[in-house]
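Kindly generate the complete structure, drawing on both the sequences and the hints.
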Amino acid sequence: NISQLQWLFWAFPCFVFFSIPTLVCFLLWKEVRTKGTRAQSVAVSIAKQSSIFILVLVWTYFFQFIDIVFTFHIGSSHFLLNLLANTNESLIGLWIYISYWYYRKSSNDDDDGQKNNND
97 NISQLQWLFW
107 AFPCFVFFSI
117 PTLVCFLLWK
127 EVRTKGTRAQ
137 SVAVSIAKQS
147 SIFILVLVWT
157 YFFQFIDIVF
167 TFHIGSSHFL
177 LNLLANTNES
187 LIGLWIYISY
197 WYYRKSSNDD
207 DDGQKNNND
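Residue numbers (the numbering used here): 97 to 215.
None of these hints come from the bench; they were simulated from the model. Positions of the beta carbon are idealized from the N, C-alpha and C atoms, including for glycine. Take the hints with a grain of salt, since some may be wrong.
What the hints assert, rightly or not - Using 35 angstroms as the maximum straight-line C-alpha spacing, the simulated DSBU-like pairs for lysine-lysine come out as follows: (1) K144 x K131; (2) K201 x K131; (3) K201 x K144; (4) K126 x K144; (5) K201 x K126.
What the hints assert, rightly or not - The calculated label-pair distances, taken between Cβ atoms and stated as ranges, are: (6) Q100 x R134: 50 to 56 angstroms; (7) Q100 x K144: 37 to 43 angstroms; (8) S141 x S186: 27 to 33 angstroms; (9) A143 x Q100: 35 to 41 angstroms; (10) P109 x R134: 26 to 32 angstroms; (11) Q100 x L124: 24 to 30 angstroms; (12) A143 x W197: 45 to 51 angstroms; (13) L180 x I150: 19 to 25 angstroms; (14) E185 x Q100: 21 to 27 angstroms.
Right, here's the structure in full:
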């Protein structure tokens, strides 16, 4: 059936797109965590940054997934939902940059606090 084939061409890339970054973030966290007690703060930071990155991916593709379900499973297309899904997906660079900026800013604040404590 062509609708099942279309569903496969949407579901499989979504699965790969979410599973590979999640696996890479987990393996990175696990590798740093095994480095010893000195690396625990880095492991916590990696876990936080990875979870925010995965959350950005979910936020970006959530509307696309809902649009796909409405289009292929239910069989009705909604223009505004499609517009929201495609606009949000095209802004993925902005969402990733905002999360990067947040962690870059918080790491600079931590560095300033450590410099002040060492004086």
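Exercise. Which earlier hints can't be squared with this structure?
Worked result: Result: hints 10, 11 and 12 break, sorted rising.
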